[in-house]
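*Asks:* Below are the chains, spelled out letter by letter.
There are 2 protein chains.
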Amino acid sequence: MRIFYSNDISGNIGRLDDEESRHVVKVLRMGIGDQIQVVDGAGNYYTAEITNPSHKGCEFRIIEKQEEVKKGFRLSIAIAPTKNMDRLEWFVEKATEIGVDAIVPIECKNSERKVLKTERLVKKAVSAMKQSQKASLPIINELTEIAEVLKAQFNGEKYIAHCYDMPKDNLKDIYKVGGNVLILIGPEGDFTPEEVEEAAKNGFKPVNLSSNRLRTETAGIVACCAINLINGC
Amino acid sequence: MRIFYSNDISGNIGRLDDEESRHVVKVLRMGIGDQIQVVDGAGNYYTAEITNPSHKGCEFRIIEKQEEVKKGFRLSIAIAPTKNMDRLEWFVEKATEIGVDAIVPIECKNSERKVLKTERLVKKAVSAMKQSQKASLPIINELTEIAEVLKAQFNGEKYIAHCYDMPKDNLKDIYKVGGNVLILIGPEGDFTPEEVEEAAKNGFKPVNLSSNRLRTETAGIVACCAINLINGC
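Just so you know, the protein sequences line up as chains L and W, in that order.
In this text, residue positions in the first sequence follow this note's numbering: the first is 1121, and each later residue adds one.
In this text, residue positions in the second sequence follow this note's numbering: the first is 1121, and each later residue adds one.
Treat the hints with caution; some may be incorrect.
You can't tell identical chains apart in this list, so a pair holds if it fits in one copy or across any two.
Derived lysine-lysine pairs resembling DSS-like cross-links, with alpha carbons at most 25 Å apart [said to hold, decoys possible]:
1. Lys1325 x Lys1278
2. Lys1190 x Lys1288
3. Lys1191 x Lys1288
4. Lys1292 x Lys1191
5. Lys1176 x Lys1250
6. Lys1250 x Lys1203
7. Lys1244 x Lys1203
8. Lys1203 x Lys1243
9. Lys1190 x Lys1292
10. Lys1203 x Lys1191
11. Lys1191 x Lys1325
12. Lys1229 x Lys1278
13. Lys1146 x Lys1191
For the record, the hints were derived by calculation from the structure and aren't laboratory data.
Just so it is clear, the structure is predicted and the values come from calculations on it, not from any experiment.
Next comes chain L alone, as it looks inside the complex:
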């Protein structure tokens, strides 16, 4: 079953964007009265009926709405963008499939990428959400200075995954089922000692994700897997 995404739903009417509309109208050749399945990225599935099959903005009327089953926790990953955009896009795709609620690209001292266009990341997330038949889209923030992320309010556990040789807990031993969690993943050159110190001052606990040496994007995925696995998701 093909699912369409719309972030333009109000009451019981909605509209698909250009790309989705073209697919419905030009490729699938659907018309007035035909039914489509729509998700809104905010946790809702809809069965809808096409009311205006325009390939520039296909309009629909909602027949039925169903909420996605809610998880008991929120997982946020703050991650330094990789130099190679493919690797970051891959992370976004896989994290969306496996389960993540927010992705915060962070600018660190050792970041190899200081400029980031998030549109392609959002596209990857939309595509992964539809492909895995979910109705929730992770929030993808703009590139944010690490100092800002360290100081931001967060209602839950805060961890930093760095590679320095100092006392650290294993993520799986320290994280408790059902807890909201924010995990910081550094760039290939790691966080600086100052960033690690600043994180500690702001309540971030150092964690080990694995006994293996992982690339940034792999570390992000291992963190997603661990939190979802522990929560039985």
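With chain L held as given, fit chain W onto it using these hints.
*Replies:* Relative to the frame of chain L, chain W by itself:
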């Protein structure tokens, strides 16, 4: 520290292949007496000294050998190759980083790819092994008929991850720390009911990897993460 790979070591002398030799001799401009770090893919790290800096086959003499810390379990993943080779290559790269001992590409009834060149997969694994500073290379089998994999002897637990609605255990609840394990991951169109039945007859237990609907390569990675996480690796 750059690590080189050689599968041509005998006693205390060895030789790098064309590509590695070119890198040592032409790019790094190393010569007689210079030291290099080598892994053999079989769990050994070597400190070696260059004896013949040929860019076609750089020869070295081993000064010191160190064994990789052994894990207590072996993880084998039998996986249906994806239509898009990038996705399978990505799986091999990430599985090698996270930890896998053998990858068996399987030909199933619903496989989208019935021909597979494994050279590129081995290259990805070598590159990921070096990048993550490991000394063990996963064994990558040639494409094998699922019937053959189902009937093969395996000293450990055997699981099949399918999407049919029937009683299944969660991988994390059924797998016991330290056990050798073989996990079967099906193609996008899933295993056929006959394949699932045949697997059951051969002692494969059905498992759930996740409550999410995952792509083939993502399922493979989630399985790797779960087994490594449970083993504290």
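*Asks:* Which of the stated hints cannot be reconciled with the structure, identified by number in ascending sequence?
*Replies:* 10 and 13
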